[in-house]
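**Q** Here is what each chain is made of, one letter per residue.
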Amino acid sequence: GAGVSQSPSNKVTEKGKDVELRCDPISGHTALYWYRQSLGQGLEFLIYFQGNSAPDKSGLPSDRFSAERTGGSVSTLTIQRTQQEDSAVYLCASSPLGYAGTDTQYFGPGTRLTVL
Amino acid sequence: AQSVAQPEDQVNVAEGNPLTVKCTYSVSGNPYLFWYVQYPNRGLQFLLKYITGDNLVKGSYGFEAEFNKSQTSFHLKKPSALVSDSALYFCAVRDEGFQKLVFGTGTRLLVSP
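Residue numbers (the numbering used here), protein chains in the order written: chain A, 2 to 117; chain B, 7 to 119.
Be aware that one or more of the hints could be misleading.
Claimed, not checked - Below, a list of computed lysine-lysine pairs in the BS3-like style, where the Cα atoms sit at most 30 Å apart:
| # | chain 1 | residue 1 | chain 2 | residue 2 |
| --- | --- | --- | --- | --- |
| 1 | B | LYS64 | B | LYS83 |
| 2 | A | LYS18 | B | LYS75 |
| 3 | B | LYS75 | B | LYS64 |
| 4 | B | LYS28 | B | LYS75 |
| 5 | A | LYS58 | B | LYS55 |
| 6 | B | LYS28 | B | LYS106 |
| 7 | B | LYS64 | B | LYS28 |
| 8 | B | LYS106 | B | LYS55 |
| 9 | A | LYS58 | A | LYS16 |
| 10 | A | LYS58 | B | LYS64 |
| 11 | B | LYS106 | A | LYS12 |
| 12 | B | LYS55 | B | LYS83 |
Derived by calculation from the structure, the hints in this document are not laboratory data.
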């Protein structure tokens, strides 16, 4: 079946511009996660959505970062006023249940963001 | 706080030889442990996980991992390495009651012909 998809695959932007990254989770998965992979910080958690519950935003690095999930499916990660340190690969994952620690997270191919 | 350590940045092994990629963890509750593999310009692919039960977990592509509670380790193993196994491997832990995965820094596996 279809896996997690993300778009765009690559995004180059200028410092100070806003960007939107999209994630389509696996159909039927109730939980959705965003992670960031960068050379300096490794793989780090950003935000987690579980059904209709309030998202866990504890990993967002600054208030320039926000995310929403519409209709319990597609999610958009928005970065406002991008900075060069935002350059990274942004990975989205989904899992069937989310609240069960035994759940497996399945990752998309990522969006490579480059801020010039 | 949860943490994972992958002590080796790179592991080199000859094709056909057994391989081991090391991982140790620290959690406050029961650990849920995962291994993922990442090929160049690709996302993370799930290999296997330990939740409970048998300490030896079998996963995709012939990989297995051994959970050792006393040593707080979850090393990834394969009896006979393939050149195509060359990739970046990540160990991750999920603490009981938490949803996010905490990843190690990754180990690059290089299998030579």
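**Q** Hints first: check each against the structure and report whether it holds.
**A** Results for each hint:
Restraint check for LYS64(B) and LYS83(B): satisfied, since their Cα atoms lie roughly 10 Å apart, inside the 30 Å limit. Restraint check: the Cα-Cα separation between LYS18(A) and LYS75(B) comes to about 48 Å, which exceeds 30 Å; the hinted pair is violated. Simply put, LYS75(B) and LYS64(B) have alpha-carbon atoms about 17 Å apart, close enough for the 30 Å limit, and the pair holds. Taking the CA atoms of LYS28(B) and LYS75(B), the gap is about 14 Å. The hint holds against a cut of 30 Å.
Taking the CA atoms of LYS58(A) and LYS55(B), the gap is about 25 Å. The hint holds against a cut of 30 Å. Restraint check for LYS28(B) and LYS106(B): satisfied, since their Cα atoms lie roughly 21 Å apart, inside the 30 Å limit. Simply put, LYS64(B) and LYS28(B) have alpha-carbon atoms about 16 Å apart, close enough for the 30 Å limit, and the pair holds. Distance hint between LYS106(B) and LYS55(B) is fulfilled; the C-alpha atoms sit about 15 Å from each other, no more than 30 Å.
For the suggested pair LYS58(A) and LYS16(A), the alpha carbons sit about 24 Å apart, so the restraint of at most 30 Å is met. A threshold of 30 Å between alpha carbons decides the hint, and for LYS58(A) with LYS64(B) the separation of about 34 Å lies outside it, so the pair is violated. Note on LYS106(B) and LYS12(A): the hinted pairing holds, with a Cα-Cα distance of about 26 Å set against a maximum of 30 Å. Between the alpha carbons of LYS55(B) and LYS83(B) the distance comes to roughly 13 Å, so the proposed pair stays at or under 30 Å and holds.
In summary, the structure is inconsistent with hints 2 and 10 from the numbered list given earlier, while agreeing with the others.
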